[in-house]
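Trainee: Sequence:
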Amino acid sequence: MKIQLSSVMVDNQDKALKFYTEVLGFVKKREIPLGEAKWLTVVSPEAPNGIELLLEPNSNPAAQTYQRAIFEQGIPLTAFAVDDIHQEYARLKKLGVEFTMEPTNMGLTTAAVLNDTCGNLIQIYQVTAN
-5 MKIQLSSVMV
5 DNQDKALKFY
15 TEVLGFVKKR
25 EIPLGEAKWL
35 TVVSPEAPNG
45 IELLLEPNSN
55 PAAQTYQRAI
65 FEQGIPLTAF
75 AVDDIHQEYA
85 RLKKLGVEFT
95 MEPTNMGLTT
105 AAVLNDTCGN
115 LIQIYQVTAN
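In the working numbering, the protein residues as written are -5 to 124.
Think of the hints as simulated: they come from the structure by calculation, not from any bench. Incorrect hints may have been included.
[As the list claims (entries may be wrong)] Cut-off 30 Å, straight-line C-alpha distance, at most; resulting in silico cross-link-like pairs (BS3-like, lysine-lysine):
id	residue 1	residue 2
1	LYS(-4)	LYS87
2	LYS22	LYS88
3	LYS32	LYS(-4)
4	LYS9	LYS22
5	LYS12	LYS87
6	LYS22	LYS12
7	LYS23	LYS(-4)
8	LYS22	LYS32
9	LYS88	LYS23
10	LYS(-4)	LYS12
11	LYS23	LYS9
12	LYS9	LYS32
13	LYS22	LYS87
14	LYS22	LYS(-4)
15	LYS88	LYS(-4)
16	LYS23	LYS12
17	LYS9	LYS88
18	LYS32	LYS12
19	LYS87	LYS23
Turn these sequences into a full structure, and let the hints steer you where they fit.
Mentor: See below:
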């Protein structure tokens, strides 16, 4: 058994695709129409056959409540690893990304939290010690 797909609920798939590709740097893997929505995934350009991130439309009222609650509490929905957090933070800031937490040393990692513009806070982190 292995993890091959993970989801992030988004309020708008087209806006999410633009943010996750043009800003974060992922690449579109699949786009399969499913009525009003689509099966829309992105992957890391470093691992095009690796784990896919599904940009899943959040039309479920219960999921919307959950998404809003954890966002308002400042809790990241998921986390992405980066090689150099300070470099990535600077790159994203130049692109206008809003951060709710600047790079912060947390012992074994340094982490920052950003707003994905689609209803989620996302943590980026760099392992700083073994």
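Trainee: Which of the numbered hints are not met once you compare them with the structure shown?
Mentor: 1 and 15
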